Amino acid sequence: GESVGLHLPTLSVQEGDNSIINCAYSNSASDYFIWYKQESGKGPQFIIDIRSNMDKRQGQRVTVLLNKTVKHLSLQIAATQPGDSAVYFCAENIAGNQFYFGTGTSLTVIP
Amino acid sequence: DSGVTQTPKHLITATGQRVTLRCSPRSGDLSVYWYQQSLDQGLQFLIQYYNGEERAKGNILERFSAQQFPDLHSELNLSSLELGDSALYFCASSVESVLAGVNEQFFGPGTRLTVL
Chain A
1 GESVGLHLPT
11 LSVQEGDNSI
21 INCAYSNSAS
31 DYFIWYKQES
41 GKGPQFIIDI
51 RSNMDKRQGQ
61 RVTVLLNKTV
71 KHLSLQIAAT
81 QPGDSAVYFC
91 AENIAGNQFY
101 FGTGTSLTVI
111 P
Chain B
1 DSGVTQTPKH
11 LITATGQRVT
21 LRCSPRSGDL
31 SVYWYQQSLD
41 QGLQFLIQYY
51 NGEERAKGNI
61 LERFSAQQFP
71 DLHSELNLSS
81 LELGDSALYF
91 CASSVESVLA
101 GVNEQFFGPG
111 TRLTVL
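As given, the protein sequences belong to chains A and B, one line each in that order. Just so it is clear: in the first sequence, position 5 is 5 by our numbering, and no numbers are missing. Just so it is clear: in the second sequence, position 4 is 4 by our numbering, and no numbers are missing.
The reader is advised that the hints may include incorrect statements.
List time: in silico DSS-like cross-link candidates among lysine-lysine, alpha-carbon distance up to 30 Å [stated by the list, open to error]:
hint, chain 1, residue 1, chain 2, residue 2
1, A, K68, A, K56
2, B, K9, A, K71
3, B, K9, A, K56
4, B, K9, A, K42
5, B, K57, A, K68
6, A, K42, A, K56
7, B, K57, B, K9
8, A, K42, A, K71
9, A, K56, A, K71
It should be emphasised that the hints constitute simulated quantities derived from the structure, not laboratory data. All values reported here derive from a predicted model rather than from experimental measurement.
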């Protein structure tokens, strides 16, 4: 029979624009979060992390914002490039135990 | 290149069979994690080992088992395979020292398992 794929949210942006990818996490006790990038045919790659005692953390062209009140995490990518096209997903962790991963958002950068 | 290696890259087998997937963590990493990524369920945590001992268990079926050897490489054994076990299986490693708390995980390239 026909296989049904995971229906990921999608985001298309023009090259050079900023991208914002959102993630709602499930457990208010989660104290550590990671954003991953997964390109087609490859394993997930760490982008940036943030601990629950922070609201914002910046990396190179990326910023993660954490809103614990509404259990929301966002990843901002500045000046999006074609190489940023991938699936992005967040992961939450509680006290060093297992990670729980979101289903991901597919980002397409239009040249 | 994350430094984590997985073999084989592809595996095709039949229902009812048993396979072993192998993972070598990054040099110095004591913790190994196994994940299953299927089309309909995204990335699911299976099991974690730290320095040879089981640390955490996720959604791992009883037909599946894993171990971490003294040299820190790990194997994931899948038995009585079913069509639904077809997926990408990823291994990840991290330093996970007590002082450093939760560490970034580095993922291998994955093993694509196809059960026919």
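Hints, one by one, checked against the model:
no., hint, verdict
1, A:K68 / A:K56, "holds (11 Å)"
2, B:K9 / A:K71, "violated (37 Å)"
3, B:K9 / A:K56, "violated (38 Å)"
4, B:K9 / A:K42, "holds (11 Å)"
5, B:K57 / A:K68, "holds (26 Å)"
6, A:K42 / A:K56, "holds (28 Å)"
7, B:K57 / B:K9, "holds (24 Å)"
8, A:K42 / A:K71, "holds (29 Å)"
9, A:K56 / A:K71, "holds (14 Å)"
The structure fails hints 2 and 3 (numbered hints given earlier, in ascending order).
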